[in-house]
Each structure stands twice: as structure tokens, then as C-alpha cells.
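A.B. asks: Starting from the structure of chain A, add chain B where the hints point.
These protein sequence lines are chains A and B, in that order.
Numbering of the first sequence is given in our numbering, commencing with residue 2 and proceeding in unit increments.
Numbering of the second sequence is given in our numbering, commencing with residue 2 and proceeding in unit increments.
In case anyone wonders, no lab produced these hints; they're calculated from the structure.
In this text the structure is predicted, and so the values were computed from the model without any measurement.
Some clues are possibly wrong.
Identical copies carry no separate label here, and so any pair may be met within one copy or between two of them.
[Unchecked claim] In silico DMTMM-like links for lysine to aspartate or glutamate, alpha-carbon gap of 25 Å or less:
id	residue 1	residue 2
1	Lys51	Asp274
2	Lys174	Glu229
3	Lys174	Asp295
4	Lys51	Asp292
5	Lys174	Glu244
6	Lys174	Asp417
7	Lys174	Asp274
8	Lys51	Asp222
9	Lys51	Asp68
10	Lys51	Glu185
11	Lys51	Glu421
12	Lys174	Glu117
13	Lys51	Glu117
14	Lys51	Asp195
15	Lys51	Asp123
16	Lys174	Asp25
17	Lys174	Asp86
18	Lys51	Glu229
Number of protein chains: 2
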Amino acid sequence: MVAPLRIGLAGLGTVGGGVVRLLDLHGARLAERCGRAIVVAGVSARDRAKAAGLPLGGAQWHDDCIDLARRPDIDVVVELIGGSDGPARALVQTALANGKHVVTANKALLAHHGVELARLADENNVALNFEASVAGGIPIVKALREGLAGNRLSRIYGILNGTSNFILTAMSKTGRAFGDVLAEAQALGYAEADPSFDIDGVDAAHKLSLLASLAFGTEVDFGAVHVEGIRHVAAADIAYARELGYRIKLLGLARVTPHGVEARVHPCLVPVDAAIAHVDGVYNAVVAEGDFVDQQMFQGRGAGAGPTASAVVADLIDIAHGLRLSPFGVPTAALARLPASPMAQRMGCYYLRLQVVDRPGVIADIAAILRDESVSIESLLQRGRAPGEGVPVAIVTHEAEEAALSRTLQRIAHIDAVLEAPVLIRIESFTAS
Amino acid sequence: MVAPLRIGLAGLGTVGGGVVRLLDLHGARLAERCGRAIVVAGVSARDRAKAAGLPLGGAQWHDDCIDLARRPDIDVVVELIGGSDGPARALVQTALANGKHVVTANKALLAHHGVELARLADENNVALNFEASVAGGIPIVKALREGLAGNRLSRIYGILNGTSNFILTAMSKTGRAFGDVLAEAQALGYAEADPSFDIDGVDAAHKLSLLASLAFGTEVDFGAVHVEGIRHVAAADIAYARELGYRIKLLGLARVTPHGVEARVHPCLVPVDAAIAHVDGVYNAVVAEGDFVDQQMFQGRGAGAGPTASAVVADLIDIAHGLRLSPFGVPTAALARLPASPMAQRMGCYYLRLQVVDRPGVIADIAAILRDESVSIESLLQRGRAPGEGVPVAIVTHEAEEAALSRTLQRIAHIDAVLEAPVLIRIESFTAS
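Next up, chain A with everything else stripped away, as it sits in the complex (with noise of 0.2 Å):
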């Protein structure tokens, strides 16, 4: 049997506690797999109350993380420590530097700082893995890295948070507000105090940012993704799309396009025949699409200490059988940078609400500048009368170019009948890719 893969791990949270539960849990069986042990040699947590009641065997405690970076006996970091800047980037950084292999959770340092990393570990010649910071325990990066290698990918999409996920499989269910349903899920601990991270969309920006980097060969550019998140997702939306025969998900998606790459994340109707229409809760989902391969999906959960603890582990698996690959799977000096594809040039359907005075000429009005915009009607709905008063509408348009959608909204909203904002919600039924 080959010496121990000697691991330090600085953070000792959820997944750190995971992680070092998971190693102690299958220890026997991780050896026989790996033909070496894997063990704990150090850690380093913010508090050291973090590591009591852990199995940490004869870990050594440092009260400065980057401490593991720098001992010798040491063979892998594992960062779960969080944050795009501050200890864990100085961690990563050092380890790499210093020739140790790093595992990571942390979508955030990766989004703003990977290819900066991934150049490092190349030119250290260690592993950069990060399969936790996507999609919780699914095993997408190694999909993506490895399984699906043979592929060019055209698209890939999915449900990258399952906070927002879960809240908005609440509203479908019961019908509640956005805010009552925020509420519950902070009080559930499903949600955080400060929820904008997930709720406005940016943690799957960061996730998609890394997805975008693995399936089309392109460096990591979380400046280019378009992000909106579920705030302004009213019940009266999702009870429109259930009408309609869609379902409304926060999805993160990117294509290469002529234009360079569209990579966004916003919530979308989707119809309720597409199989992501079923992904519900907390789970997350991704697809992805590749010339010969086709479609695939995997889905799981997407957070949680037990996933995200078997997604570090899985990658440490990988560095203790000798698998090192180039972070994004091709050497990071291949990487394209490609510009971003313009948001204003998207062509899809679209889902409009305005909330209108209920009296004749004003459906009239607002036609006439979707056909002065070329943009075509699917379907109109309005429901309930309320004479001189307000009442929602919602339009279904035909494929239209994003631009006349802004066109269009930004006229409709000076019209006098029309009582508040305009809300669009963008429409995807995953044809043509």
C-alpha cells in the first residue's frame, strides 16, 4: 500500500464537519479503494470549539490556515473556508504555490479568481479540484471534466440554487407570497438572514460562471453573466404560468453563441413537459447538451453538509489515485476568453404582467406598440373585471429579439392606464440550441 494521503483542512463548518465525519465514517473502505489511507493531519477553523466533538484523530490544530499551506508532510488543502478574497484566496494561493494539491467548495473564489488559480496549479503541476462548489453532491464537474469529454457542448442549464428553488416550489404549492415564503425558509434554516446572495441570483451566477469555463473551454468570466433573481416573482405570475402550462424556475444557463458566450441566470418559464419543470425543493438540477452525447441531466441535492462533504471527498479520491487534470479540463493557457454575448440580442419568448386600468382602448394601446416593435402576441390573458380599476393582464409573446422586448416595456410603461412596472419574465423551451 502507498503511503497515506496526508490532508490539512482549514474550516470547520457544516462540510468541514461533513467531510471529517464522512473520512472517519468510511475510512476502511476509502483505503481498499484508493490503495492508501486518507487522513486528516491538520486543520484550522476560525474557532477552535468548531473541532470538539469531531473525529479528528491525531490532527494537528494550527490557528493560522495558512500554516497547512506550508507544512511538508502535508499532501492536499482543503479550503472550506468561503468567501471570493481574504484567508481562503491567500490559503489556495500558497498551497498551490507550494506544490500541494487543492479541494474546494468555494464558487465564489473560483468565479472571480479561476483562472488566475488554475494557472497556478498547471504551472505547480497539482490538482485544482472543486467538484462541491456546483450543484452540492452531484458530480457534474467530473461529468463535465471527463464523462462528457468526447462532446463539444452546445448548452448547459440548470437549477443551481436550491434556496431560491425551494422557495419557489413553495409558491407553486401553496399559492403564498415571495415574503411569506422567504420568511419560512429563513425560519427553516433553508434561507439565510441575508438571503441576497441566493435569492438575487448571484451564488448560481457564481456556479454557472464555473460550468460555462468547463463545458465550452473558456475562461472563467463572472463578470459576463447576466444575473437576476425571484424578488419581483409575484404569485400571480405563477399562477399565470400554470395556466399557460409552464412552471417559473431560477435557472442559470449559457451557450456559445456568434456573438461569444450568453451565460445568464434569471427565473423562466419553463413548460411543464420539460423534465426540469419536475426538479422541486431543495434539489438542484443541470443539463447538459453535446453533439454526440446529446441531452443529459443530473440531479441531486445541492447543498448540505452529506452532499457537499461526498463531493470533497470525491475529489480527494480523485488526487489519491493519481488523477490530476487541468482545472477546467484543458490546459488553463488554452482556455478561450470570448466576449460576452449581449443580453439585447437574445431571441425567445417572453412573459409579460402589467397591472392596467380596466377600461377599453388600453389592451388596444399596449398592442399597438408590441406590433410597432414587431413583437407578436401568443396569448392575452385577463381575468376578473373591475371597472376603472386595476387589473393584471398577462401576455405570452411569440420569438422575439430581447432589445424589442426592452423597447416595448420601457413604452408600455409610460402609458397612463398602466398602474405599475411591467414585469417580464423570459420564457425557455429548450429546442433549438
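C.D. replies: Positioned in the frame of chain A, the structure of chain B alone reads:
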């Protein structure tokens, strides 16, 4: 750049042609990704005409495929001949014994001789990769062997045969009879002229035996798989299932019980809200349940030139990267030999359909037998009246032991008023595993 990986390809049917086309189309991308080219150095097929029109470059033709396993300049033999014995088996044995890696799509070969061949691979320190043999392009072998390897897996199940799923889906969508839909599937090329392997569950059982070995670290044991096909599923069953909140799917299921490994392929009623109920047409799906990762579902095309070629090439990429794992994830000598858990001990709910004479007292007789065998009725549907003639009755039971159901069915079949052999379909609700 390292020397090219030189492959010898045996079999130039649909899949072999797909592999050649993929390697030709994406050769440059793959060389960049792997740090070395993947080159087809030799080919063999039953009929030399198969090579015509394929971009085979300078690959040498061999009348006898065994020559590929003997050529000193070949690193990997790709076996796409098929069949559990004969030339496929001889080729794979010779290649492994000669220290060549093997990539195969041959589920029958591995279901019957997997342990022996895996041992040979281990002894010769070569890879025996078979991603393409299970669920087409879905990287499920990799997921089990690597991505989820940190987990103790408790259960694995899935839709493993696209032909059967196509037929059941078409029956469900159109209400047509099995024979009608089979004939259509044959005309469309989705079913073979002799469809037995697909519709009698054998193909799914081959795949399930491999998945069980990968998931549980046990020796492949095809003989221990309980196999039933879909010939007895009637349009009436599909209609009743729908009314009761279920769909009918041909599933392969395996789990470890206190009695050993339970592995079975048969039609199942699955709840309409289970994700797998919505995997339709020629799609495959595999669900794996692990102690840390919870439930994961993988979904994609289970057959066809493109998806299968994608899987074959993924295996080649792993070899090009220098990754060599034991075929079933742990050293073959360490695979456990567990007994087959008897079907008679299966606990679960059951759907029964009886054709009975429509006259008073018949249902009472049937109910008495169920009561005597301690099988309790969850629901009973008798639709339509035809006094004195045959009418169908559908019964759903609460949880019971399979042995009790077997006795029940035998006794019911002896009632005079029961006109046909009762149909039994197991209900799988995927709760506690």
C-alpha cells in the same frame, strides 16, 4: 506532448462507426485535453465493407480481430462486437492477458464473465472500462466508481432499457395495446426483429448486474437477478395505474438487504410524483442513493451511435490521462460474494388485475383469500358492469411480503369465476431504502 494513445477497434457497426467519427471530428480537441492524440491504429469487423466511408486514416485492416490484441504497437483494444461469448470474449481475454487496456460496450460479456475479466485486468495492471455498456451516454459507471465513491450506497435503480421504455410510454400516451406498439417500434427501428432481450428484461438485467457490483462492491452475479419483462402489461393496467396515481415503468432495482443482494428487473407502478415516472421514450435514468449524498438521478439517452460513442471515448480519455481503476471500483479480489436475497422476502405494495365474472360474491371470495394471507387491500376498482360476463377488477394492496402474494395469486387463480391468470405488478414508492 506524450506519444499518441493507439487503439485497435473491433466492430464497425453503429457504435463503432460513431466512435470513429467522434475521434475524427474532435481529434484536435481531445489531443489538447489529454496531452496526447488518440489514434485508431487498427480495425477489424465481420465485413470489410463496413470500413468504407469511415474516416479511418491510416488504420490497418485485420481480418481476425484477435490480431488487434497481439499487435505490440496497440495500447487499447476497443471491443464493439457484442455477445457474451465467442470472438468478443476471446478478444478481451487476449488483450488483457497481453497487457492492453480494454474499452467495451458489451454488457452481456461483463454480466456473464465480469469477475473473471476484471481479475485478469487487475493482474495485468490494465484498465477494463465499460461506461458504454450501461445507460448509453450517461456517465453512470464513472459516477459510481469515482463521483459517489465516498458514499456507502444503499440502493440503485433505473430505467435501463430504452426499447421497453419507448413501448410503455407509447402505450401510456395512446392507450394502445402492447403488440401494436411493439410492431410500431420495430418499424421505427427502436426494437429489434427479435425483441426478446429488450422486452423480456434480459438487457436491463445485464446492466443491473453491473450497476449492483459497482454500487455495492460485490461480484457481478447476473444469475441472481430476478427478471420479468413487459409482455404481460396490458393497456388496462396502464389505464388503472394512471387512475391510481401511478405510471408503469420497467425498472432494474438493486439493494443490499440483511439476506444479501436483492436485484430484480420487472415492470413497476411508480408514483406519478417520482422523478423517474417522467423519464419517457427512449431515455434511460439511473437513481443512486448514498448515505452522504442522498439521492442522485442521472438521465439521458440510453442507446444510439452518438451517446454510446461518447461513453466509449470518455473511457479512452481516462486511459489517455493515465487513470486506471479496478473495473468495479475496488480491487477485484476484494469484491464481496453475497447471496441473492430471495424475491419471496420482498416487502412492498402490489397491484393485481383480475378478470372475473360480474356476479355477486366474487369480490367477497377474493377478499377472503387476501384476508387469510394477511394481505390488506388499499383500494379496489371495478369499472363497468356486464352481469354474468367478464369484467376487470384492479386491487392495490398495502405492504405485504411477496411470498404471501404468491400464495394469494395461486388461490385466486383457482376460483371458478376468475377467468384469466391474475396479473401482478409490484409497486415501488422509493421511500425508506
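A.B. asks: So, for every hint listed, does it hold in this structure?
C.D. replies: Verification of the supplied hints:
In this homomeric assembly, Lys51 and Asp274 never come within 25 Å of each other (Cα to Cα): the closest approach is 46 Å inside a single copy and 40 Å across copies. Taking the shortest Cα distances, Lys174 and Glu229 sit within 25 Å of each other inside one copy (23 Å), while across copies they are farther apart (38 Å). Taking CA atoms no more than 25 Å apart as the test, Lys174 paired with Asp295 passes between copies only; the shortest distance there is 23 Å, against 32 Å inside one copy. Proximity of Lys51 to Asp292 under the C-alpha cut-off of 25 Å is restricted to the inter-copy arrangement: shortest distance 23 Å between copies versus 47 Å within a copy.
For a Cα distance limit of 25 Å, the shortest separation of Lys174 from Glu244 qualifies both inside one copy, at 14 Å, and across copies, at 22 Å. Taking the shortest alpha-carbon separations for Lys174 and Asp417, neither the intra-copy value of 35 Å nor the inter-copy value of 49 Å comes in at or below 25 Å. Taking CA atoms no more than 25 Å apart as the test, Lys174 paired with Asp274 passes in both settings, with 17 Å inside one copy and 13 Å between copies. Proximity of Lys51 to Asp222 under the C-alpha cut-off of 25 Å is found in neither arrangement, the shortest distances being 35 Å within a copy and 45 Å between copies.
When the C-alpha separation of Lys51 and Asp68 is checked against a cutoff of 25 Å, the pair qualifies only within one copy, where the shortest distance is 18 Å, while the shortest distance between copies is 61 Å. For the homomeric pair Lys51 and Glu185, neither the shortest alpha-carbon distance inside one copy (28 Å) nor that between copies (63 Å) is at most 25 Å. Taking the shortest alpha-carbon separations for Lys51 and Glu421, neither the intra-copy value of 49 Å nor the inter-copy value of 66 Å comes in at or below 25 Å. Taking the shortest Cα distances, Lys174 and Glu117 never come within 25 Å of each other, neither inside one copy (44 Å) nor across copies (52 Å).
Within a single copy, Lys51 and Glu117 get their C-alpha atoms no closer than 31 Å, and across copies no closer than 48 Å, so neither meets the 25 Å cut-off. For a Cα distance limit of 25 Å, the shortest separation of Lys51 from Asp195 inside one copy, 23 Å, qualifies, whereas the shortest one across copies, 63 Å, does not. With identical chains, the CA atoms of Lys51 and Asp123 are never at most 25 Å apart, being 33 Å at best within one copy and 43 Å at best between copies. In this assembly of identical chains, Lys174 and Asp25 lie within 25 Å of each other by CA distance neither inside one copy nor across copies; the values are 40 Å within and 50 Å between.
In this homomeric assembly, Lys174 and Asp86 never come within 25 Å of each other (Cα to Cα): the closest approach is 39 Å inside a single copy and 54 Å across copies. Taking the shortest Cα distances, Lys51 and Glu229 never come within 25 Å of each other, neither inside one copy (36 Å) nor across copies (53 Å).
In the structure shown, a violation is registered for the earlier hints numbered 1, 6, 8, 10, 11, 12, 13, 15, 16, 17 and 18, in ascending order.
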